[in-house]
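Residue numbers (this note's numbering), protein chains in the order written: chain A, 1 to 257; chain B, 1001 to 1257; chain C, 2001 to 2257; chain D, 3001 to 3257.
These are calculated hints, taken from the structure and not from any lab test. It is possible that part of the hints are untrue.
As the list claims (entries may be wrong) - Per label pair, the in silico range of CB-to-CB distance:
#1 C:Ala2051 x A:Glu15: 57 to 65 Å
#2 A:Arg255 x D:Ala3051: 57 to 65 Å
#3 B:Gly1046 x A:Glu15: 33 to 41 Å
#4 D:Arg3182 x B:Pro1016: 31 to 39 Å
#5 D:Lys3033 x C:Gly2187: 55 to 63 Å
#6 A:Ala185 x D:Ala3244: 54 to 62 Å
#7 B:His1148 x A:Ala252: 56 to 64 Å
Unchecked claim - Calculated from the model, a selection of chain C residues having no Cβ within reach of chain D, i.e. all distances over 10 Å:
#8 Asp2017
#9 Pro2191
#10 Gly2225
#11 Leu2254
Don't be surprised by glycine CBs; every beta carbon is placed ideally from N, CA and C.
4 protein chains.
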Amino acid sequence: MAAHKKLRSDIALIEPDRIVLHGLDLCRDLLGKINLGDMAFLQLTGRRPTAQESAVFNAIAVTLVEHGMTPSAIAARMTYAGSPEAMQAAIAAGLLGMGSTMVGAMENAARMLQEAMPDPKAAGNIDALARKLVKDHDGGSIPGIGHHFHKPVDPRAPRLFEIAAENGFGGPYVSLMQSISRHAAAGSPEPQPVNAPGAIAAVASELGVPWPIMRGIGVMARAIGLIAHIREEIDDPMTREIQARVGEEATAHLRRR
Amino acid sequence: MAAHKKLRSDIALIEPDRIVLHGLDLCRDLLGKINLGDMAFLQLTGRRPTAQESAVFNAIAVTLVEHGMTPSAIAARMTYAGSPEAMQAAIAAGLLGMGSTMVGAMENAARMLQEAMPDPKAAGNIDALARKLVKDHDGGSIPGIGHHFHKPVDPRAPRLFEIAAENGFGGPYVSLMQSISRHAAAGSPEPQPVNAPGAIAAVASELGVPWPIMRGIGVMARAIGLIAHIREEIDDPMTREIQARVGEEATAHLRRR
Amino acid sequence: MAAHKKLRSDIALIEPDRIVLHGLDLCRDLLGKINLGDMAFLQLTGRRPTAQESAVFNAIAVTLVEHGMTPSAIAARMTYAGSPEAMQAAIAAGLLGMGSTMVGAMENAARMLQEAMPDPKAAGNIDALARKLVKDHDGGSIPGIGHHFHKPVDPRAPRLFEIAAENGFGGPYVSLMQSISRHAAAGSPEPQPVNAPGAIAAVASELGVPWPIMRGIGVMARAIGLIAHIREEIDDPMTREIQARVGEEATAHLRRR
Amino acid sequence: MAAHKKLRSDIALIEPDRIVLHGLDLCRDLLGKINLGDMAFLQLTGRRPTAQESAVFNAIAVTLVEHGMTPSAIAARMTYAGSPEAMQAAIAAGLLGMGSTMVGAMENAARMLQEAMPDPKAAGNIDALARKLVKDHDGGSIPGIGHHFHKPVDPRAPRLFEIAAENGFGGPYVSLMQSISRHAAAGSPEPQPVNAPGAIAAVASELGVPWPIMRGIGVMARAIGLIAHIREEIDDPMTREIQARVGEEATAHLRRR
Chain A
1 MAAHKKLRSD IALIEPDRIV LHGLDLCRDL LGKINLGDMA FLQLTGRRPT
51 AQESAVFNAI AVTLVEHGMT PSAIAARMTY AGSPEAMQAA IAAGLLGMGS
101 TMVGAMENAA RMLQEAMPDP KAAGNIDALA RKLVKDHDGG SIPGIGHHFH
151 KPVDPRAPRL FEIAAENGFG GPYVSLMQSI SRHAAAGSPE PQPVNAPGAI
201 AAVASELGVP WPIMRGIGVM ARAIGLIAHI REEIDDPMTR EIQARVGEEA
251 TAHLRRR
Chain B
1001 MAAHKKLRSD IALIEPDRIV LHGLDLCRDL LGKINLGDMA FLQLTGRRPT
1051 AQESAVFNAI AVTLVEHGMT PSAIAARMTY AGSPEAMQAA IAAGLLGMGS
1101 TMVGAMENAA RMLQEAMPDP KAAGNIDALA RKLVKDHDGG SIPGIGHHFH
1151 KPVDPRAPRL FEIAAENGFG GPYVSLMQSI SRHAAAGSPE PQPVNAPGAI
1201 AAVASELGVP WPIMRGIGVM ARAIGLIAHI REEIDDPMTR EIQARVGEEA
1251 TAHLRRR
Chain C
2001 MAAHKKLRSD IALIEPDRIV LHGLDLCRDL LGKINLGDMA FLQLTGRRPT
2051 AQESAVFNAI AVTLVEHGMT PSAIAARMTY AGSPEAMQAA IAAGLLGMGS
2101 TMVGAMENAA RMLQEAMPDP KAAGNIDALA RKLVKDHDGG SIPGIGHHFH
2151 KPVDPRAPRL FEIAAENGFG GPYVSLMQSI SRHAAAGSPE PQPVNAPGAI
2201 AAVASELGVP WPIMRGIGVM ARAIGLIAHI REEIDDPMTR EIQARVGEEA
2251 TAHLRRR
Chain D
3001 MAAHKKLRSD IALIEPDRIV LHGLDLCRDL LGKINLGDMA FLQLTGRRPT
3051 AQESAVFNAI AVTLVEHGMT PSAIAARMTY AGSPEAMQAA IAAGLLGMGS
3101 TMVGAMENAA RMLQEAMPDP KAAGNIDALA RKLVKDHDGG SIPGIGHHFH
3151 KPVDPRAPRL FEIAAENGFG GPYVSLMQSI SRHAAAGSPE PQPVNAPGAI
3201 AAVASELGVP WPIMRGIGVM ARAIGLIAHI REEIDDPMTR EIQARVGEEA
3251 TAHLRRR
């Protein structure tokens, strides 16, 4: 194996008597001193969060853990029923649906905000920027704005903005997202509130999370969410019942021939 | 779709103006008040942890997040290189290797402890129980004991036991695991310390986590771990280099023909 | 990267002007001369099948492609709805449920046959062997025997045995499986016919497929099967409807509070 | 579960005494009469291929089965090492990398051809169309043209065109792809031959495969390919060696501190 390029990873050093993660000793510096959300922040950024960053980041992550009987939860349950000895496969199957339909709004909103305002310290005229972004979408749907189900207001958005503000993260990205909502409403017969993906996109942008890895927060949070569904599927399975009903109805027209 | 059995889930109620998880209002009761580890505890058990349970559970989960360039991390990186637009697929690929080889020791240790002591309140003679369990393994490897790399002692085990004890969870399962270590050492030329999987199994058993879902804690923690590897693979990829070296070396004997 | 062990793969040599698979030139020896089932046989065994092996192996694989609205098909559809830009993720999700529940019967039957008769050329007294195997199961279910749905006879089993016999593969493993069925029926109020997994296990054993990789035939065949479900889900999706119905029914008891 | 929309699937009818796939009886019409590639064609299109379609479709699928030590093969091997009891997980992990990087060229070429020529019966001036398409790409890379490794000519492309022509499928999409190659070469210092993804895209378009499901052929073929790698990994594993070398080299700079 001739080397063409040096392999290099800065994440972890594993030695017989110590484990060093991002320059921190797991046993001495992290265990008992850091919660799982902070650990995720460390993995994403390479450094421990401040108390304020911790509060905001944990709130974002907690928001993304669970949303009921989603296709992702159903896929995980179906997979568990086939492979009960491989729980990791059921969780993986549930995560595989975390694509454009499920996390696209969050990702697109973050991209819109970060591309419109590459340097939040030089924010410029946020109101004018928002007006331009709304105009660019030309009456079409704007990522992070509106919700087909959580009406009139997605309750998660104001709560996340509140937590962000309390911790000093109600900065320019949050202002921009909120300003987009106001300008969108101005040209619309219906209110155009910021939804949860939009609020998460804005607040995570304040935390400095680049949009291309935003999806990762959703994926890791869902891994936690899916465990509850698998636990429930173990105790009181619904797979066979769903399968029987779907199969019966979907092929009834073939049977009648 | 004729119903044969009623479908039922107690995890989440999603309504237009509120999201209720395990009977708790997401926005009012959870956001800003609970960290991601506590949220995972809530998903696993259906209730919020006490401060002590939170400390212990978060420590367990943090321990399982990251262990360097494992096959799981390499699989995630390889997959990201092929499907950069689908980060969830890369994380899922990395999770799929969390089977018997990777989490078997933890799962088997928890099973051994919980089957040997179904009711920790009626623990009985722990020392005698440990002696019997060691004898049952007949000189073969005992789950949760010893480590091929972390020598002489896996540093995570004593630290986890310390955190458990500080929070009132150094109970019968921890005693049993430690007693197994002592009895195993008695019949062996080498020390037989409890390893990290063994310590996690004992401490999680103290928390009341049933062994069949123990693997889930490892899987969700690894989802967090893999994000660091994907972030690094985005910034400084190693996939093509590994592929080139492996391909070159593995097929050199065919080329020479 | 210090080498401890040489990496070696005999599958493929990829050169600028030719691709050699198992010693055969892809363009000269395989394309236009081999069908996909034969290619799978080549991948599994390292050699091209005879015409008889091809007939039998293709029949096995075709049998495993499609079985309607299984949990695997539903999981793939649910995943596609979330990640339509990543069809590979939907197919992977559908495959992840191919575990013990779905392919266990086939795998267990093959293991039973191959462990009972390690060398089919020295088959010995097949009838006595079958009697012993039935007795060992002590009235419990025997892998490869009976079916909860395909009654009185799983129609795939006699057809596969017929194809095997026509091609000279109705040998000792087929005899053993059929003899097991007869002896099982002798001690039972109900008929105990060989089912499809049992027939596949016997016939694949005749072809020399070791039981630990038997599952792979099912997995690859299902990848083909899932494409039809994804195609149909693109044209006429059922994901949202299933999600809505399941969510509504499963959480109705929470709503009424 | 109130029904809002009827569920319907036309793929399979599963009854106790028969299995009907796309209106064909599995045991009577398919087993022993159809090979695995033809079965895949049936799943993709809902009908059996003609002898000519069978020859061409099997050639395409066989081409996509195996390409050596790709990241996909390495991911599958790494996953198998962690979860040897769940071979489906290893195959799924290998498939998850079949995204834009791996199958993008094929998919993009097919899209380009099909969007440029929605009705191949009204092909019009193919040469002019090719010139326009090349011009649209403005010197940038054109999907289906050129190869960084298979030089000067990807040997699979002419062979696939040959098989297509022999079977009456050397029609307008093949002409368009070849014409694109000629026009691309005209403005380039280097030859611009059609590569394998380009040839597959053209020939599959001749067969009537819509570009949005083209990726599915690659995914199912790779499932077959991965079985060889898992079989080899069982017999002569390389996971631990790769892990050890990668870990050692990638973290050496941390160790020296």
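The hints, checked one at a time:
Our hint of 57 to 65 Å for Ala2051 of chain C and Glu15 of chain A holds, since their Cβ atoms are close to 59 Å apart. For Arg255 of chain A paired with Ala3051 of chain D, a C-beta distance near 33 Å fails the hint of 57 to 65 Å. Checked against the given bound of 33 to 41 Å, the beta carbons of Gly1046 of chain B and Glu15 of chain A, roughly 39 Å apart, stay inside it. Arg3182 of chain D and Pro1016 of chain B have their C-beta atoms about 60 Å apart, which leaves the hinted 31 to 39 Å range violated.
Range check, Lys3033 of chain D to Gly2187 of chain C: about 38 Å between beta-carbon atoms, so the 55 to 63 Å window is missed. Distance hint check: the CB atoms of Ala185 of chain A and Ala3244 of chain D are about 59 Å apart, consistent with the given range 54 to 62 Å. Range check, His1148 of chain B to Ala252 of chain A: Cβ separation about 58 Å, and the 56 to 64 Å hint holds. With a closest Cβ-Cβ approach of about 6 Å to chain D, Asp2017 of chain C is found to fall inside the 10 Å limit, against its non-interface label.
Distance to chain D confirms Pro2191 of chain C as a non-interface residue, since its nearest Cβ pair spans about 13 Å, more than 10 Å. With a minimum CB-CB distance of about 6 Å to chain D, Gly2225 of chain C fails to clear the 10 Å threshold, and the non-interface call is violated. Separation of Leu2254 of chain C from chain D is adequate, the least Cβ-Cβ distance of about 15 Å exceeding the 10 Å criterion.
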